[in-house]
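K.L.:
Take a look at the letters that make up each chain.
There are 2 protein chains.
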Amino acid sequence: MQVLLRYASAMLGKTYDSQVCSAARALELVGERWTLLLVRDALFGGARRFSDFQKSLGIATNILATRLDGLVEGGMMERRRYSRNPDLYVYLLTDKGREFVPVIIALTEWGDRWAAPDGKPVLYSHTVCGGEISQQLTCAGCGEVRDPAEVHARPGPGMPAEMAARMLSGHS
Amino acid sequence: MQVLLRYASAMLGKTYDSQVCSAARALELVGERWTLLLVRDALFGGARRFSDFQKSLGIATNILATRLDGLVEGGMMERRRYSRNPDLYVYLLTDKGREFVPVIIALTEWGDRWAAPDGKPVLYSHTVCGGEISQQLTCAGCGEVRDPAEVHARPGPGMPAEMAARMLSGHS
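Sequence lines, in order, name chains A and B.
Counting from 1, one number per residue, gives the positions in the first sequence under the numbering used here.
Counting from 1001, one number per residue, gives the positions in the second sequence under the numbering used here.
The shape of chain A in the complex, shown without the other chains (with noise of 0.2 Å):
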């Protein structure tokens, strides 16, 4: 917790700290632009050196070095030395950034359907049979969501009480 609020306050002057949200909390760590780029690159494009990311992404090679250890800050990513004289470095991920894999589908399958006038640009598939992945909303009781309006969300254990209150009383 600490190392994230470091980081966010050192990237983002804490902008969503008064938010008491996961989906806030994610964006801290991944919202800079460009930074779920270069996790999407990582997962997917195989980038490990800094050369394969400014490739990738054609970006200033400041903000990319900011962008990367912002990453390694956040423990989404981690560096290790490949090289020495001069000393080179490739960035790997770590379980935490592995774990992205499902909002970037999600954001991939929702940019397919309103935003991809030619086509998609890249399909996913499973390694393990050569079938098409998707995301879904799945319900623990009856299996389904068949529409994003069945959702409902409702305050947490994690949520303080005057917050839940004021979530609650605006439902009402």
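These are computed hints drawn from the structure, not numbers from a lab.
By construction, the Cβ of each residue, glycine as well, lies at the ideal position given by its N, Cα and C atoms.
Errors might be hidden in some of the hints.
Sample of chain B residues at the chain A side, in silico, Cβ under 8 Å [said to hold, decoys possible]:
#1 T1015
#2 C1021
#3 R1033
#4 L1037
#5 V1101
#6 T1108
Given the coordinates of chain A, work out where chain B should sit on it, guided by the hints.
P.N.:
Same frame as chain A, now just chain B:
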């Protein structure tokens, strides 16, 4: 597409324009700071009026106005007047906006796991049966995806040939 490009150009200077990627295109629309939290508040917090969003996020009114206008221009929200003298509006999600539910839930699940030391701040349940809702990676071939490492990305029909070749060579 024209609306998307105009919006992206106005809001983000076409930051990700070189990226043929649906996740990047989604970020063009909702990657600006606060924007995704506005969608969250409209989806799950019952926010409709300018003042609803302001109360929830506590951000400067000029930033809030710019973000809401951006969501309207990007086709995620619709603005409707509900009073004259003074003119007052509600901001209602379109289908395009409502379909962001899976992205927000995927972000939430990641944040719950990696950035919620006090427990989940918000729980999502199914209005139909009350069951707990989650996002799952599924495979059209064999059903389940046990590990994010089992997801492979390859060029789809919407990717220009030369970029597809580069993507394939990067994987080889």
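K.L.:
Hints first: check each against the structure and report whether it holds.
P.N.:
Hints versus structure:
1. T1015: Status holds, d = 6 Å.
2. C1021: Constraint on B:C1021 satisfied, holds at 6 Å.
3. R1033: holds, 6 Å
4. L1037: At 6 Å from the nearest chain A Cβ, B:L1037 passes the 8 Å test, so the hint holds.
5. V1101: holds, 4 Å
6. T1108: With a minimum Cβ separation of about 5 Å from chain A (threshold 8 Å), the hint on B:T1108 holds.
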